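**Student:** Given the sequences, and given the hints that come with them, work out the whole structure.
Residue numbers (this note's numbering), protein chains in the order written: chain A, 186 to 467; chain B, 2 to 322.
Just so you know, these hints were derived from the structure itself, not from any lab.
Computed from a predicted model, the values in this text were never measured in an experiment.
For glycine and all other residues, C-beta sits at the position ideal for the given N, C-alpha and C.
Take the hints with a grain of salt, since some may be wrong.
Claimed, not checked - Cross-link-like lysine-lysine pairs, in silico, DSSO-like; alpha carbons within 27 Å at most:
#, chain 1, residue 1, chain 2, residue 2
1, B, Lys19, A, Lys197
2, B, Lys226, A, Lys197
3, B, Lys120, B, Lys220
4, B, Lys19, A, Lys352
5, A, Lys197, B, Lys220
6, B, Lys120, B, Lys19
7, B, Lys215, A, Lys345
8, A, Lys197, B, Lys120
9, B, Lys215, B, Lys226
10, B, Lys19, A, Lys345
11, B, Lys226, B, Lys120
Stated by the list, open to error - Covered, in the sense of this in silico footprint (three residues per stretch, anywhere, with C-beta under 8 Å from a C-beta of chain A), are these stretches of chain B:
#, region
12, 166-177
13, 183-193
Chain by chain, the residues run as shown.
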Amino acid sequence: MSWRHIEERAFKGLMLFSTALVVGSLLWIVAVVLWKGAGALKLSMLVQMPRGGAYGDEGGILNGIVGSMLLSLPATVMAGLVALPVCIILQDEHAGRNPLIRTARLSLDVLWGIPSIVYGAFGYTLMVYLGLRASVLAGIIAITFVQLPIVARAIDEVMKAVPRELKEAAYATGATRFEVATRVVLRQCLPGILTGLLLGFGRGIGDAAALIFTAGYSDRIPGTLAEPVASLPLTVFYLLGTPYPETRARAYAAAFVLLVIVLTVSVVSRFVAVRFRRSTVS
Amino acid sequence: MALVSRTNPLPQTALIRKATDRGGYLVFRAVTILLIVLPGILAVSLLIRARPILAKVPILDLLTSSNWHPARGEFGFFAFILGSAWVTILAMVIAVPLCLLTAIYVSEYASPAFAAVFKPVVDVLAGIPSIVYGLWGVLAIVPLVAGVAPAVGRYLGFVPGLSTEGFLTGDCVLSGALVLAVMVAPVIIAVSVEVLNSVPLELREAALSVGATKWQTVKHVVVRKSLAGLVAAIGLGFARALGETMAVLMVVGNVVNAPHSIFEPAYPLPALIANNYGEMMSVPLYDSALLLAALWLMLIVILFNLGARIGLRLVTARFWR
Numbered sequence: 186m187s188w189r190h191i192e193e194r195a196f197k198g199l200m201l202f203s204t205a206l207v208v209g210s211l212l213w214i215v216a217v218v219l220w221k222g223a224g225a226l227k228l229s230m231l232v233q234m235p236r237g238g239a240y241g242d243e244g245g246i247l248n249g250i251v252g253s254m255l256l257s258l259p260a261t262v263m264a265g266l267v268a269l270p271v272c273i274i275l276q277d278e279h280a281g282r283n284p285l286i287r288t289a290r291l292s293l294d295v296l297w298g299i300p301s302i303v304y305g306a307f308g309y310t311l312m313v314y315l316g317l318r319a320s321v322l323a324g325i326i327a328i329t330f331v332q333l334p335i336v337a338r339a340i341d342e343v344m345k346a347v348p349r350e351l352k353e354a355a356y357a358t359g360a361t362r363f364e365v366a367t368r369v370v371l372r373q374c375l376p377g378i379l380t381g382l383l384l385g386f387g388r389g390i391g392d393a394a395a396l397i398f399t400a401g402y403s404d405r406i407p408g409t410l411a412e413p414v415a416s417l418p419l420t421v422f423y424l425l426g427t428p429y430p431e432t433r434a435r436a437y438a439a440a441f442v443l444l445v446i447v448l449t450v451s452v453v454s455r456f457v458a459v460r461f462r463r464s465t466v467s
Numbered sequence: 002m003a004l005v006s007r008t009n010p011l012p013q014t015a016l017i018r019k020a021t022d023r024g025g026y027l028v029f030r031a032v033t034i035l036l037i038v039l040p041g042i043l044a045v046s047l048l049i050r051a052r053p054i055l056a057k058v059p060i061l062d063l064l065t066s067s068n069w070h071p072a073r074g075e076f077g078f079f080a081f082i083l084g085s086a087w088v089t090i091l092a093m094v095i096a097v098p099l100c101l102l103t104a105i106y107v108s109e110y111a112s113p114a115f116a117a118v119f120k121p122v123v124d125v126l127a128g129i130p131s132i133v134y135g136l137w138g139v140l141a142i143v144p145l146v147a148g149v150a151p152a153v154g155r156y157l158g159f160v161p162g163l164s165t166e167g168f169l170t171g172d173c174v175l176s177g178a179l180v181l182a183v184m185v186a187p188v189i190i191a192v193s194v195e196v197l198n199s200v201p202l203e204l205r206e207a208a209l210s211v212g213a214t215k216w217q218t219v220k221h222v223v224v225r226k227s228l229a230g231l232v233a234a235i236g237l238g239f240a241r242a243l244g245e246t247m248a249v250l251m252v253v254g255n256v257v258n259a260p261h262s263i264f265e266p267a268y269p270l271p272a273l274i275a276n277n278y279g280e281m282m283s284v285p286l287y288d289s290a291l292l293l294a295a296l297w298l299m300l301i302v303i304l305f306n307l308g309a310r311i312g313l314r315l316v317t318a319r320f321w322r
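**Tutor:** Written as structure tokens, this is what we have:
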């Protein structure tokens, strides 16, 4: 066998090894967290508040579950409200030559790369400026920033896929740009927009770094927007830092719930996307 | 619009439709402009909060001193910058060869069925929260590293960077780097596969038809053709790794220390920012120092990201990921 065939074999082996290692590691993570979490999770934890203080060894993680929803759901709506108009502008004709659109794309690229801890720090400066303390409102704002580029990119992708003929047909009947954007493009993209929002929600609910500064932590469910609030990722983080096994068990349970939510959302969003593709004619 | 006769005024509904169109697009444009200036607002607001410390300490001292005693007003970031560099670069050293080989396998060798399953699975795994990666690090990687460290120290301790003299627990540079390597893998692989797939099939066929083996084709044609894109993929992974906070924070030790070995604890910049929220309210200049760190982090990450994006634009047209 000549050298080049030995090389071929060797590298093919290396590649198979790498692929197995990468995929294996990623599945290992899911397996470890699900296994550990399933062992620690009691159904009563899902409906009980923590007792004996935030780090107490009794009770459940309801504060984290409700808190995460209180933060991520409004943040998803807000991210969508900002992303939709931007994406409609991004679809304009001659997009390549329009400086506004080119700068907007560049800005989205920049925002996409900014780490969530920086959004948290920015949220904190905003908080200080507005005289807020760690609160639900500040947390929602920080998570909105985290989600915005993800949601915008996803929506832009589906809007790009709208056939040009569809828009032209609408224009030909005398529709205005606004009518084409809201009644044709938006309607055609509705499942895709839902996918994008779910993607953003999944990212937002898992983010902890942006919340440390802004949402704080609490062992109660907040009554107003100005109170601090717990979240699932920070529940994992803080409870894992305690030496008590019962408290750490709640951290595993919180991670389990978080992972299940994120994986479910991810799979559902893909399902929506696939269904959408099937229902399109072109 | 030109079809409407000038002598007949527009009917009422047409006027409303026109007004809605103008107004709606005005709002859309305003939101877009807001988005455009958002990165600037971020940088400026962080800069404003960071000015007190910049006014008091020369920036060169902040970057090169490793005296970190906030209570005494000494803010030297060197240990944290070095910590970030160690963890991130080691993570890339581990991740890049594995990810590139995986990407080449998926795009060049694997059956279409495998590739079709691989991509969504990696996408789903890319969305796993960093706290979950961190928990895996705590449960699996830290004990693993703690287990192998003494043996490595005994037999390979003479190699620079592998000494276990500063070894405390499994919470060290290596643990952070391993967790990060797995976290950036989906990013690097997804972009690399996309880049490799963009190489025209004809180029491969030309190489194969003159008798090159598959690997020779990959090595001399496919990789060479997509080199800039692969570098961009690595750049995106690097930027992601540099800014990653929670997962690293949980496994890296968080000891203010300029590491000399992969078995020493470190304290990367994002961990510093995240860990000191409580104290920073009470010590003067502390919050200013942390927000300055956030500003640096943002600027470095943006630099890498934009560099990578521009590289990608050059390689693949209309490829936006």
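**Student:** Evaluate each hint against the coordinates.
**Tutor:** For each hint, the structure was consulted:
Using a Cα cut-off of 27 Å, the hinted pair Lys19 of chain B and Lys197 of chain A is violated, with the two alpha carbons roughly 62 Å apart. For the given pair, Lys226 of chain B sits about 20 Å from Lys197 of chain A by alpha-carbon distance, which is consistent with the 27 Å threshold. Between the alpha carbons of Lys120 of chain B and Lys220 of chain B the distance comes to roughly 23 Å, so the proposed pair stays at or under 27 Å and holds. As the CA atoms of Lys19 of chain B and Lys352 of chain A are separated by approximately 18 Å, the hinted pair is consistent with the 27 Å bound.
Between Lys197 of chain A and Lys220 of chain B, the direct Cα distance comes to roughly 12 Å. Compliance with the 27 Å bound is thereby established for this hinted pair. The hinted pair formed by Lys120 of chain B and Lys19 of chain B fails the criterion: a straight-line CA distance of about 45 Å is larger than 27 Å. Pair hint Lys215 of chain B plus Lys345 of chain A does not hold up; C-alpha atoms about 36 Å apart against a cutoff of 27 Å. Using a Cα cut-off of 27 Å, the hinted pair Lys197 of chain A and Lys120 of chain B holds, with the two alpha carbons roughly 20 Å apart.
Restraint check: the Cα-Cα separation between Lys215 of chain B and Lys226 of chain B comes to about 15 Å, which is no more than 27 Å; the hinted pair holds. Only pairs whose Cα atoms come within 27 Å are accepted, and Lys19 of chain B paired with Lys345 of chain A is accepted, the gap being roughly 25 Å. Distance hint between Lys226 of chain B and Lys120 of chain B is fulfilled; the C-alpha atoms sit about 22 Å from each other, no more than 27 Å. Here's how the region 166-177 of chain B fares: 0 of its residues keep a CB closer than 8 Å to some CB of chain A, so the rule of at least three is not met and the hint is violated.
Check on the region 183-193 of chain B: 4 of its residues sit with their Cβ under 8 Å from a Cβ of chain A, so the three-residue criterion for coverage holds.
When each numbered hint is compared with the structure, violations occur for hints 1, 6, 7 and 12.
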